[in-house]
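Could you build all of it, start to finish, from the sequences and the hints given here?
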Amino acid sequence: MREPGAKAATSVTLRINGRALTVPAGTSVAAALALAGDLVSRSDLAGRPRGPLCGMGVCFECRATVDGVPEVLTCLTPCREDLEVVTDA
Amino acid sequence: MREACDLVIVGAGPGGLAAACRAAEAGLDVLVLDQQPEPGGQVWRGEARKGTNRLARRWLSRFAASGARFRPGARVVAAPEPGLLLVEEGPSSLAVRYGRLVLATGARERFLPFPGWTLPGVLGVSGLQVLVKDGLSIRGRRVVLAGTGPLLLAAAATLHAHGGEVLLIAEQAPAARHWGFALQLWRYPGKLLQGAVLSAGLVGVRTATEAWVLEARGEHRLESVRMSVSGREEQLACDYLGAAWGLVPNLELARLLGCEVSGGAVVVDERMETRVPRVHAVGELLGIGGVDQALISGELAGLAAAEQPVPDSLEKSWRRVRAFAGALALHDAPRPELRRLATPETLLCRCEDVPLSALEDCTNLREARLYARLGMGSCQGRTCGAAAETLFGWAAESVRPPGLPARIGSLRPPAEPPPTLKRES
Numbered sequence: 001m002r003e004p005g006a007k008a009a010t011s012v013t014l015r016i017n018g019r020a021l022t023v024p025a026g027t028s029v030a031a032a033l034a035l036a037g038d039l040v041s042r043s044d045l046a047g048r049p050r051g052p053l054c055g056m057g058v059c060f061e062c063r064a065t066v067d068g069v070p071e072v073l074t075c076l077t078p079c080r081e082d083l084e085v086v087t088d089a
Numbered sequence: 090m091r092e093a094c095d096l097v098i099v100g101a102g103p104g105g106l107a108a109a110c111r112a113a114e115a116g117l118d119v120l121v122l123d124q125q126p127e128p129g130g131q132v133w134r135g136e137a138r139k140g141t142n143r144l145a146r147r148w149l150s151r152f153a154a155s156g157a158r159f160r161p162g163a164r165v166v167a168a169p170e171p172g173l174l175l176v177e178e179g180p181s182s183l184a185v186r187y188g189r190l191v192l193a194t195g196a197r198e199r200f201l202p203f204p205g206w207t208l209p210g211v212l213g214v215s216g217l218q219v220l221v222k223d224g225l226s227i228r229g230r231r232v233v234l235a236g237t238g239p240l241l242l243a244a245a246a247t248l249h250a251h252g253g254e255v256l257l258i259a260e261q262a263p264a265a266r267h268w269g270f271a272l273q274l275w276r277y278p279g280k281l282l283q284g285a286v287l288s289a290g291l292v293g294v295r296t297a298t299e300a301w302v303l304e305a306r307g308e309h310r311l312e313s314v315r316m317s318v319s320g321r322e323e324q325l326a327c328d329y330l331g332a333a334w335g336l337v338p339n340l341e342l343a344r345l346l347g348c349e350v351s352g353g354a355v356v357v358d359e360r361m362e363t364r365v366p367r368v369h370a371v372g373e374l375l376g377i378g379g380v381d382q383a384l385i386s387g388e389l390a391g392l393a394a395a396e397q398p399v400p401d402s403l404e405k406s407w408r409r410v411r412a413f414a415g416a417l418a419l420h421d422a423p424r425p426e427l428r429r430l431a432t433p434e435t436l437l438c439r440c441e442d443v444p445l446s447a448l449e450d451c452t453n454l455r456e457a458r459l460y461a462r463l464g465m466g467s468c469q470g471r472t473c474g475a476a477a478e479t480l481f482g483w484a485a486e487s488v489r490p491p492g493l494p495a496r497i498g499s500l501r502p503p504a505e506p507p508p509t510l511k512r513e514s
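Protein chains in written order, with the working numbering: chain A, 1 to 89; chain B, 90 to 514.
There's no promise every hint is true.
[As the list claims (entries may be wrong)] Derived lysine to any residue pairs resembling SDA-like cross-links, with alpha carbons at most 20 Å apart:
#1 B/Lys139 <-> B/Glu322
#2 B/Lys222 <-> A/Arg48
#3 B/Lys222 <-> B/His251
#4 B/Lys405 <-> B/Asp381
#5 B/Lys222 <-> A/Asp38
#6 B/Lys139 <-> A/Asp38
[What the hints assert, rightly or not] Partial pick of chain B residues on the chain A-facing surface, computed with a CB cut under 10 Å:
#7 Pro204
#8 Trp206
#9 Val219
If you are wondering where the hints come from, they were derived from the structure by calculation, not from laboratory data. Just so it is clear, CB atoms sit at the ideal spot from N, CA and C, and this is done for glycine as well.
Written out as structure tokens, the structure reads:
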């Protein structure tokens with residue numbers, strides 16, 4: 001899925017759960033989670049889906065595995081070319 | 090890695106930037122740490138790239154020219170002794186030796202639990218605004234906002250401008266208090282302008298006072314909300330809900346350093362110095378007061394750190410913004426109904442999945458931690474702590490290191506003697 005208005009020169013392509021996604025440069029990984037589908041970053045202890053809440057690095061709800069590093073706060077992480085994001089959901 | 094500086098500033102929002110500019114322009118070696126990838130804090134998030142806000146542009150370019158150094162993606166995890174901060178930057182660890190410290194850690198939203206608030210699609214008011222600024226596409230999406238004060242309007246304006254269909258702006262404050270506050274703005278020309286500009290963008294959007302969310306509903310994601318609007322219930326189908334009630338200061342690092350906190354704000358003198366020598370605090374840490382207060386207190390702290398005289402005009406501005414902060418606190422105080430939204434099954438602690446019913450026999454935060462694991466998860470009580478304070482009146486506990494999830498390596502103080510401070514060499 002491609003965000004309308006994104007131009008090749010000003011966009012980056014990353015992978016979320018193995019799926020390629022092209023987003024405008026400057027998009028945060030947390031925002032890209034919504035473009036990828038349903039804004040889900042992790043599951044809670046009972047397996048229910050969770051997504052970003054605070055957007056500013058406080059609540060830790062948006063944490064996901066980014067380039068192999070677990071529990072990265074996706075709301076503080078800008079999308080970069082070839083970034084590999086894996087959600088726990 | 091190690092760093093040494095005359096002045097370290099934690100937080101690159103308006104307060105931190107103003108302190109950095111004043112101190113660096115006076116010749117101090119200044120290091121600014123922030124967990125975001127760019128300077129600007131939450132209020133000026135993305136402005137380093139976009140440059141749409143004139144005030145932000147002015148301060149960001151002044152900061153860039155000041156000679157202060159900036160380290161993005163930096164989180165302070167411990168402060169084992171005076172003059173030393175332990176910091177994590179992505180996969181690496183950093184020890185910072187400093188002469189003076191300015192805390193400019195800002196604020197976060199006050200979240201209160203209500204049924205369904207853990208569903209994806211339910212965010213904070215500013216939380217949703219931030220995600221939209223960061224690229225979340227809101228065009229044609231139905232949005233309901235429930236909160237209070239100037240930030241509620243600011244968020245609505247952003248969402249509206251990005252093509253979101255804002256169905257309702259629910260202000261919790263009663264009409265009289267709301268308009269009383271709006272009229273108060275007349276006494277503060279800077280605020281009036283801000284308010285007017287924001288309101289102008291919102292013509293035709295439905296707003297209601299004495300309105301709040303009762304429940305968020307949906308299977309795997311938000312599908313609808315049940316609202317209380319001026320005493321009547323209504324259900325609205327929507328894609329996003331922004332719900333949070335005002336701001337609370339990020340006091341963890343101040344508490345970790347042993348700064349005195351009174352009435353939810355760090356106690357400072359006229360130099361913005363806390364009760365801990367050589368540690369200053371600015372901005373929202375002094376009580377929620379917005380950008381103006383952050384800039385002015387930041388300038389005062391920067392001048393104090395560099396032992397520079399304070400211009401009269403700055404002193405005067407300081408008194409003016411403090412009056413605004415007082416009015417804001419009165420307006421944004423959550424109404425009693427908001428403390429009773431959660432049902433026994435509603436989770437209070439989102440990290441450890443602690444429902445309200447698990448806290449029945451607890452009488453304070455310590456018991457809730459020990460018996461029910463409230464606040465024991467990743468965010469270390471940053472979300473549920475403020476909620477528990479509003480719901481039950483439980484006071485925050487002292488903060489112990491690490492203040493955030495950290496690697497063991499990051500908590501080890503540097504073994505070798507630190508490099509000598511620049512000014513002393």
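Run the distance test for B/Lys222 versus A/Asp38: straight-line Cα separation, threshold 20 Å.
Holds, because 18 Å separates the two Cα atoms, which is no more than 20 Å.
Should the interface hint for B/Pro204 be scored as holding, given a Cβ-Cβ cut-off of 10 Å against chain A?
violated, 13 Å
Given the hint that B/Lys222 pairs with B/His251, test it: the Cα-Cα distance must not exceed 20 Å.
holds, 9 Å
Run the distance test for B/Lys139 versus A/Asp38: straight-line Cα separation, threshold 20 Å.
At roughly 27 Å apart (the allowed maximum being 20 Å), A/Asp38 and B/Lys139 break the hint.
So if I understand the rule, the pair passes when the alpha-carbon distance is 20 Å or less; does B/Lys139 with B/Glu322 pass?
violated, 41 Å
Does the closest beta carbon of chain A sit nearer than 10 Å to the beta carbon of B/Val219?
holds, 4 Å
Need the status of pair B/Lys405, B/Asp381: alpha-carbon distance at most 20 Å?
holds, 12 Å
Take the shortest C-beta to C-beta distance between B/Trp206 and chain A; is it under 10 Å?
holds, 8 Å
B/Lys222 and A/Arg48 were given as a pair; does the straight-line alpha-carbon distance stay at or below 20 Å?
violated, 27 Å
The structure fails to meet hints 1, 2, 6 and 7 from the earlier list, while all remaining hints are met.
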